[in-house]
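Asks: Sequence:
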Amino acid sequence: MVQIDRLNTALVGLDLYTVAERHQSGLVDAIKEQIQSWKSNAYFVSASVHQSLDGVRVFTYSQWQPKFDHRSLQRPVVFGEFFPPDSLQLEVSASKSRTAEVEISAGDRITHLAEFRMMPANQPEMVKRTTIELDRAMNNTPGLISATFHRSLDGTRMFNYGQWESKEAFEAILQQPGFNPDKPYWEGLARNEFHLYNVVHVVSAS
Numbered sequence: 001m002v003q004i005d006r007l008n009t010a011l012v013g014l015d016l017y018t019v020a021e022r023h024q025s026g027l028v029d030a031i032k033e034q035i036q037s038w039k040s041n042a043y044f045v046s047a048s049v050h051q052s053l054d055g056v057r058v059f060t061y062s063q064w065q066p067k068f069d070h071r072s073l074q075r076p077v078v079f080g081e082f083f084p085p086d087s088l089q090l091e092v093s094a095s096k097s098r099t100a101e102v103e104i105s106a107g108d109r110i111t112h113l114a115e116f117r118m119m120p121a122n123q124p125e126m127v128k129r130t131t132i133e134l135d136r137a138m139n140n141t142p143g144l145i146s147a148t149f150h151r152s153l154d155g156t157r158m159f160n161y162g163q164w165e166s167k168e169a170f171e172a173i174l175q176q177p178g179f180n181p182d183k184p185y186w187e188g189l190a191r192n193e194f195h196l197y198n199v200v201h202v203v204s205a206s
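Using our numbering, the first residue of the sequence shown is number 1, and each one after it goes up by one.
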């Protein structure tokens, strides 16, 4: 189990992979090997691996001391068998949780990763809007455990890392005004794509 650093004393590294369903488990094994090498890095804080319910996506959520760019590290040779990841640096912009900390642990909990793509000029407004909508979601959505918004340092994206008790709980929020894809709160600011995942591996430096 690891905790999301909501105070930004660590920097988030997000690596997004697409993969053929038959190769998803092989990619997860390759990432585990990569994380094992990360543990010897003095700037490493934690990492968690998530595989999508649809079988064709994997992402790694890692945390590093803030002056370090994990993208500078050499990738293991085995990664030559897979498409390279979309790799970004993020910081937390807003977070709410029903517990004192936002904890990442392997198990049956559902993780929802929503990606918002935007022009850099729109990111400040998206930060404001997501902060407002975060309060509304937490106050009106049974089954939502936590939601943590991140902004990319290059200004082009935001991500919501949400934790849910079940897939059904997540699907219910899509019926709420503002979260319904037909007229969402991000309309006019960003394009959105989301997927559901399970956490399959967690490692910390300690």
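Bear in mind the hints are in silico, worked out from the structure with no lab data behind them. Hints are not guaranteed to be accurate.
Here are the simulated DSS-like cross-link-like pairs (lysine-lysine), alpha carbons at most 27 Å apart as the crow flies [what the hints assert, rightly or not]:
1. LYS32 - LYS67
2. LYS96 - LYS183
3. LYS96 - LYS167
4. LYS183 - LYS32
5. LYS128 - LYS96
6. LYS167 - LYS183
7. LYS183 - LYS128
8. LYS67 - LYS96
9. LYS67 - LYS39
10. LYS128 - LYS67
Since the model is a prediction, treat every value here as computed from it, not as a measurement.
Asks: All the hints need checking, so say for each whether the structure fits it.
Replies: Results for each hint:
{"no.": "1", "hint": "LYS32 - LYS67", "result": "holds, 24 Å"}
{"no.": "2", "hint": "LYS96 - LYS183", "result": "holds, 23 Å"}
{"no.": "3", "hint": "LYS96 - LYS167", "result": "holds, 19 Å"}
{"no.": "4", "hint": "LYS183 - LYS32", "result": "violated, 39 Å"}
{"no.": "5", "hint": "LYS128 - LYS96", "result": "holds, 14 Å"}
{"no.": "6", "hint": "LYS167 - LYS183", "result": "holds, 22 Å"}
{"no.": "7", "hint": "LYS183 - LYS128", "result": "holds, 18 Å"}
{"no.": "8", "hint": "LYS67 - LYS96", "result": "holds, 26 Å"}
{"no.": "9", "hint": "LYS67 - LYS39", "result": "holds, 17 Å"}
{"no.": "10", "hint": "LYS128 - LYS67", "result": "holds, 26 Å"}
Violated hint for the displayed structure: number 4, the only one.
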